Every structure is written in C-alpha cells, then in structure tokens.
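J.: Two chains, two frames, a set of hints: combine them into the complex.
Line by line, the protein sequences give chains A and B. For what it's worth, this note's numbering labels the leading residue of the first sequence as 1, then goes sequentially. For what it's worth, this note's numbering labels the leading residue of the second sequence as 1, then goes sequentially.
Derived by calculation from the structure, the hints in this document are not laboratory data. Given the structure is predicted, the values throughout are model-derived calculations rather than measurements. Any given hint could turn out to be false.
[Stated by the list, open to error] Straight-line distance between alpha carbons at most 25 Å, and here's what the computed DSS-like set of lysine-lysine pairs gives: (1) B:14 <-> B:50; (2) B:14 <-> B:56; (3) A:139 <-> B:56; (4) B:50 <-> A:139.
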Amino acid sequence: MLLVADSVELMADATPDEAEEPASDSASDSPDRAQFEEEALAHADQLYRIALRLSGSPQSAEELVQETYLRAFRSWRSYRPGTNLAAWLATILRNVFLDEARRQQRRPAQESFEDTTEYYLYNQLAGSSGEPQEAVLNKLAAGAIVEALADVPPAFREVVVLVDIGDFSYQEAADILGVPIGTVMSRLHRGRRALKQALAQRAGAEAS
Amino acid sequence: MTMGVDPCVGVESKLQPYLDRQLTPGEVSWIERHLGECAYCRERYHFEAKLRDTVKTVCCGDPVPDGLVDRVRLHCRGHRSE
Numbered sequence: 001m002l003l004v005a006d007s008v009e010l011m012a013d014a015t016p017d018e019a020e021e022p023a024s025d026s027a028s029d030s031p032d033r034a035q036f037e038e039e040a041l042a043h044a045d046q047l048y049r050i051a052l053r054l055s056g057s058p059q060s061a062e063e064l065v066q067e068t069y070l071r072a073f074r075s076w077r078s079y080r081p082g083t084n085l086a087a088w089l090a091t092i093l094r095n096v097f098l099d100e101a102r103r104q105q106r107r108p109a110q111e112s113f114e115d116t117t118e119y120y121l122y123n124q125l126a127g128s129s130g131e132p133q134e135a136v137l138n139k140l141a142a143g144a145i146v147e148a149l150a151d152v153p154p155a156f157r158e159v160v161v162l163v164d165i166g167d168f169s170y171q172e173a174a175d176i177l178g179v180p181i182g183t184v185m186s187r188l189h190r191g192r193r194a195l196k197q198a199l200a201q202r203a204g205a206e207a208s
Numbered sequence: 001m002t003m004g005v006d007p008c009v010g011v012e013s014k015l016q017p018y019l020d021r022q023l024t025p026g027e028v029s030w031i032e033r034h035l036g037e038c039a040y041c042r043e044r045y046h047f048e049a050k051l052r053d054t055v056k057t058v059c060c061g062d063p064v065p066d067g068l069v070d071r072v073r074l075h076c077r078g079h080r081s082e
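Here chain B stands alone, though its shape is the one from the complex (with noise of 0.2 Å):
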C-alpha cells in the first residue's frame, strides 16, 4: 500500500481516520510502520492522540446533576396525566 509520493504527508491526511479507526487493515500497517520509522510522524501523533483524549475527559466531566433520572420520570408522568 502506498499512500502517495512523500509518506508523512499520507500520514497526515490519514491521522484522523486512523485515530477513529476507521481505515482497513492494509492502511493501519501502512500507517503504524511509518509511525515506527519517522519521529516527525511519531511526534505529531502523539501530539493530536493527546488532544482528542484531553477534549474528551473536558468534555465529558461535567458531573450529571443528582437526580437527573427522577426528575425526567416526574415531568413525564406529569405530561401523561394531563
């Protein structure tokens, strides 16, 4: 599998997909040997790994508030019984 002319700039364009795993398996080998050869790849990618996990720890620790379930259990009874 090639992935154009010069590998890092296949590798940027297939940065996000890989990290959704969303490619086939010949891309994933194509794109993990790279990652294994080249520290400007390496690097990067650790770099945009990190991001999308410091967004999603941000972005999901809002605490739900306490009583969430029951509330949304009294306002549907409430509409059902109009």
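Next comes chain A alone, as it looks inside the complex (with noise of 0.2 Å):
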C-alpha cells in the first residue's frame, strides 16, 4: 500500500539546499542573482500548470508559484549553472505543495483502484454507445477529464503531471521525486491506469 507519506519521507533528501540569503538582498545587488531570477520567471507559466493540477484551484496554484519562487530565489546560490533549471524548480514547488498538505493535514489517500488491463478505458467505451471508441474520447468533457485526474490518489497523480503534462522525462521526474526510476515508472503505471478507471466512469456517467 503506497501512501503519500512515503514520498514525503522519500522526499527529504531531494530537497534542494536551502540554504538562504540575507533578507536584506536584492536583486540589483548581484547581477548573477538577477539573471537568475529572470530565466528562473521564465518558467512560471509551466509551474503554474504543473501546481494547478496537484493542488486543483487556481488560487492555490498561484500562491504555491509565489512561495516556489520566494524559496527559489533565497536558495538560488543552490542551483548549479547548467543542469535542469525547470526540473529544480519543479522539486521546490513540489516541497511546498507538500508542506502545505501537511500543514492542513490532508490524509493520504489509498489506492483503491484495482488492477486492470491497459485497455481499460478501450473496453469500457466499446460497450457503451456504439460509437467508435475514439469519437467517445471526444466527446468526454474538458472537465470531466480534469476532474477525472484530480481522482487520481496524490502519489500517483504527482508523476503523472509531471511526465504527461510537465513534459519531464522518467529520470527528471526521478530527480525532482527524490526515488528511484522503477518507482517512478511502477507509480506512472498506476497512475495512468486510475485515470482511465475514473475516465470511464465519467463516460459512462455522460452516456447515462
């Protein structure tokens, strides 16, 4: 049974070093600081997407960009000049996204899904209406698919937007996880097989 809880453990020695800066500085005082910021701000439009959906209101999502961003900025001495500067800052927002869970002691959720075939979602839709498969794809609502994945359980939902939606690669998920590949593709495996479970559901609620 995988529980959030074990990635927040897992989580600990991912995070990145925090080490902070004097509140008294600023931007202007270091030219190297300032272009940081600006190429770091560059990637706010793919962190607010990625923090929409692991927190499901905007609101939310704009206040975990402006913490991930505060906590950027201070520990920005941290980042090595070179490597993946969206995936760092990725596993900041995450942090947050997980601090503010704990803070409001959300209880992990469970994976209640059982194990099914990867063609699913495929059989369910076959029975239904007569309709080509693809054609009932088309027709599921823009929000009955997002609500579909926010039914996804934490743990699993998190590496699915990451790879499906935050374009990361398996090992930049890995990293910003703080586990392992196997685990990072054992969880999208789940993940994705929740989805099409309350995907059909949906469908089915539609077609009804």
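T.: Given below as structure tokens:
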C-alpha cells in the first residue's frame, strides 16, 4: 500500500539545499542573481500548470507558485548552472505543495483501484454506445477529464502530472521526486490506470 | 527480438513506454512492425495515443492568470525587504 506519506519521507533527501540568502539581499545587488531570477521566471507558466493539477484550484496554484519562487530566489546559490532549472524549480514546487498538505493534515489517500488491463478504458467504451471509442473520447467534456485526473490518488497523480503534463522524462521525474526511476515507472503505470478508471466512470455517467 | 508467446500481449505491456519513447531501438522496430501487421493492436494503439494527447491538451489548456509573473516578483520583493 503506497501512501503519500512515503514520498514525503523520501523527499527529505532530494530537497535542494535551501541555504537562505540574507533577507537584505536584493536582486540589484547581484547581476548573477538578477539573471537567475529572470531565467527562473521564464518557467512560471509550466510551474503554474503543474501547481494547478497538484492543488486543484487556481488560487492555491498561484500561491504555490509564489511560494516556490520565494524559496527558489532565497536558495538560488544551491542551483548549479547548466543543470535542469525547470526540474530544480519543480522539486521546490513539490516541497511547497507537500508542506502545505502536511500543514492542512490531509489524510494520505490510499489506492482503491484494482489493477486492470491496459485497454480498460477502451473496453469500457466499446459496449456503451456503438460509437467508435475515439469518438466517445472526443465527446468527453474537458471538465470531466480534469476531474478524473483529480480523482487519481496524489502519490500517483503527481507522477502523471510531471510526465504527461509537465513533459519531464522518467529520469527528471525521479530526480524531482527523489525516488528511483523504477518507482516513477510503477507509479506512472498505476496512475494512468487509475485515470482510465476515473475516465470510464465519467464517460458512463455522461452517456446515461 | 521476441516479446513473449503472444505478440499482442507483448505490445500491450510495452505500449506506454513506447508512447513515452523509452524503448530501445530494437523494441521500437519490433512494435512498429507488429502494429503494421495487426489491426487489433493498431486500433488500440491509436486510442491510447489519442487519450494521452487529449488529457495533455485539456490539462495544459488552462489559462495562466494575467500578471502572474508580476505578482510573483512583488511577492518576493515584499519578503526580501522584511
């Protein structure tokens, strides 16, 4: 049984070194820092979309992004130039999100879906209306797809969000989450299966 | 390269890593050869690819709020002068 709490523990090792700058430091004091800030801010849209899918609301997403940049700018010296800045920022974003979840003491959701065939959704859509499956997929409302993703248990959802929406590779996701690449692959596998189950439920609800 | 006794089962198990471009060149050419020959797998492959694409399009389609970067700058500046 996999809990979000597991990944919270695992994350501890992967946290970027947040050695903070003195509070009086300002971007204008350091051209390097000013340049770093501009490069980091170029990833704001990507971070916002990840934050939105993790948190589920535009307001929480914006707060997550703001807090992420606050921490990133304070610990900018721990970023190694030439490494993947988007992944470094996503790691901080995820830490902020987990801290927030911990503060609100959300109970970690347990996986409740059964393992299914890869073609679960395809098979579910086959019987329903006599239409080709792809046509049924086209008719699924955007809202239903977003809700289905939100139904995926958090520990699996975050991997799906990073890889399928954030465009991070398996290895980058492993670095961000602080887990082995095999763990990313198995969570991704189960997260996608869970998403298909949630989509099948919604497709059934819309058809009836 | 072989993918077990039933090639369709092999394709099913490798389809997600194939879509993720995580397979070796040998596995890729094995899968693509099979997809060229097998309508059953091809139809399901198209569905899985379409599903992936649809989820991504929908979930990346949210507008990023106007002025987000400006508010981030303001937020960070406010904390810096504390």
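J.: Now tell me if each hint is right for this structure.
T.: Hint check results:
1. B:14 <-> B:50: holds, 17 Å
2. B:14 <-> B:56: OK: residue 14 of chain B and residue 56 of chain B at ~20 Å, within 25 Å.
3. A:139 <-> B:56: Answer holds: residue 139 of chain A to residue 56 of chain B is near 16 Å, not above 25 Å.
4. B:50 <-> A:139: holds, 13 Å
The structure fails none of the hints (numbered hints given earlier).
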